[in-house]
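Enquirer: Turn these sequences into a full structure, and let the hints steer you where they fit.
Those sequence lines, one after another, are chains A and B. FYI, in my numbering the residues of the first sequence are -4 to 135. FYI, in my numbering the residues of the second sequence are 7 to 145.
Honestly, the hints are just simulated from the structure, not real lab data. Ideal placement from N, C-alpha and C gives every residue a C-beta, glycine not left out. Heads up, a few of these hints could be off.
[What the hints assert, rightly or not] Here are the simulated lysine-lysine pairs, BS3-like style, with alpha carbons at most 27 Å apart: (1) A:Lys126 - B:Lys52; (2) B:Lys142 - A:Lys66; (3) A:Lys73 - B:Lys52; (4) A:Lys77 - B:Lys73; (5) A:Lys73 - A:Lys126; (6) A:Lys78 - A:Lys60; (7) A:Lys60 - B:Lys52; (8) A:Lys126 - A:Lys56; (9) A:Lys78 - B:Lys142; (10) B:Lys52 - A:Lys78; (11) B:Lys52 - A:Lys59.
[Unchecked claim] Selected chain A positions facing chain B (Cβ under 10 Å, derived; list incomplete): (12) Leu2; (13) Gly43; (14) Asn57; (15) Asn72; (16) Asn108; (17) Thr132.
Chain residues, written in single-letter form:
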Amino acid sequence: MNRIISLICGIIFGIGLTVSQMINPEKVLGFLNIFGDWDPSLAFVMIGALVISSPFFHLFKNNKKPIFAEKFSYSNNKELNKKLIIGSSLFGAGWGLVGLCPGPAIASLALLNLNSVSFVISMFAGFYLVKLLDLTTQAR
Amino acid sequence: MNIVNFTPISAFLGGSLIGLAVVIFFVFNGRLIGISGIASNFLTSKDNRFDNLLFLIGLIIGPIVYKIFSQEEIDISISNSFYLLAFAGLLVGAGTRIGGGCTSGHGISGIGRFSLRSIVATVTFMIVGILTVLVKNLI
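Expert: The following block contains the structure:
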């Protein structure tokens, strides 16, 4: 059952990225262009997502187990360290350079755009490199 | 500052769908959605590999479903520079794994749980993203 849920969640997430236009790097770059022609729309993507998800996190916090799995599996890392800042900065730089983050980059493969294919391949190379060098932080 | 192309309603609706996906994944599968985590774990870890693959396939199916139902073309515009794309992809891939999350993992799943770590991460990548765009526009 949880495999079907995974597929469905991916589809809903992908539709959400499309409806909000977050799938379009130009829209993302407009959002980051605060000091120029600013398009604040994507702040509303985050607000929408948080308004829906946040109450459920708190409602289910005390539940013993999820519906189709043995246990909740996510880490509760609370550490504020250099890796968090360095990693997030590198990510922010890449995001600002072309306007793609992991979700929209993968979803945009649906449009058979060769530029997003190049980005996704090198993003996976980045994942692999970090794993190889054993720098992964497994938590959020 | 000059406000342009503002589409708050579609942004909010799309964001709500993203939130819905996060809720369903959490309540049913007991996991948090973070795309960089799901994608990199698919590549490097055997745990939940098939689940992760199905999620990623769903993510690609999503825009196609949208296109079928809305009968609209999906407009996107991406940089044409291969070197820039390759470099940015590497930064995004490595950065999200070193920092433990991306826009979804930290920005939504993390902030939704009021994780200070995720708030710090999100503020960091937003500021660096804004500065990168600023510098790029100056060059």
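Enquirer: Taking the hints in turn, state whether each one holds.
Expert: Evaluation of the provided hints:
Between the alpha carbons of lysine 126 of chain A and lysine 52 of chain B the distance comes to roughly 14 Å, so the proposed pair stays at or under 27 Å and holds. Proximity of lysine 142 of chain B to lysine 66 of chain A is assessed by CA-CA distance (about 45 Å); at most 27 Å being required, the pair is judged violated. About 26 Å separates the Cα atoms of lysine 73 of chain A and lysine 52 of chain B, which keeps this hinted pair within 27 Å; it holds. Between the alpha carbons of lysine 77 of chain A and lysine 73 of chain B the distance comes to roughly 42 Å, so the proposed pair goes past 27 Å and is violated.
At most 27 Å may separate the alpha-carbon atoms for a hinted pair to count; lysine 73 of chain A and lysine 126 of chain A meet this at roughly 21 Å. Distance restraint check for lysine 78 of chain A and lysine 60 of chain A: the Cα-Cα separation of roughly 31 Å exceeds the 27 Å cut-off, and the hinted pair is therefore not satisfied. For the given pair, lysine 60 of chain A sits about 23 Å from lysine 52 of chain B by alpha-carbon distance, which is consistent with the 27 Å threshold. Annotation: proposed proximity of lysine 126 of chain A to lysine 56 of chain A is violated, straight-line Cα distance about 31 Å (limit 27 Å).
Proposed proximity of lysine 78 of chain A and lysine 142 of chain B is supported: the alpha carbons are some 25 Å apart, at most 27 Å. A distance of roughly 25 Å separates the Cα atoms of lysine 52 of chain B and lysine 78 of chain A; the hinted pair therefore holds under the 27 Å criterion. A threshold of 27 Å between alpha carbons decides the hint, and for lysine 52 of chain B with lysine 59 of chain A the separation of about 25 Å falls inside it, so the pair holds. Satisfaction of the interface hint for leucine 2 of chain A is found here, the shortest Cβ-Cβ separation to chain B being roughly 4 Å, below the 10 Å cut-off.
A hinted interface residue such as glycine 43 of chain A counts as satisfied when its beta carbon comes closer than 10 Å to some beta carbon of chain B; here the least separation is about 3 Å, so the hint holds. Proximity of asparagine 57 of chain A to chain B is violated relative to the hint, the smallest CB-CB distance being about 13 Å (cut-off 10 Å). With its C-beta approaching chain B no nearer than about 6 Å, asparagine 72 of chain A sits inside the 10 Å limit, and its interface hint holds. For asparagine 108 of chain A, the interface hint holds, since its Cβ comes within 10 Å of a Cβ in chain B; the closest pair sits about 6 Å apart.
At its closest, the beta carbon of threonine 132 of chain A sits 3 Å from a beta carbon of chain B; the interface hint therefore holds under the 10 Å criterion.
When the structure is compared with the earlier hints, violations turn up for hints 2, 4, 6, 8 and 14 and for no others.
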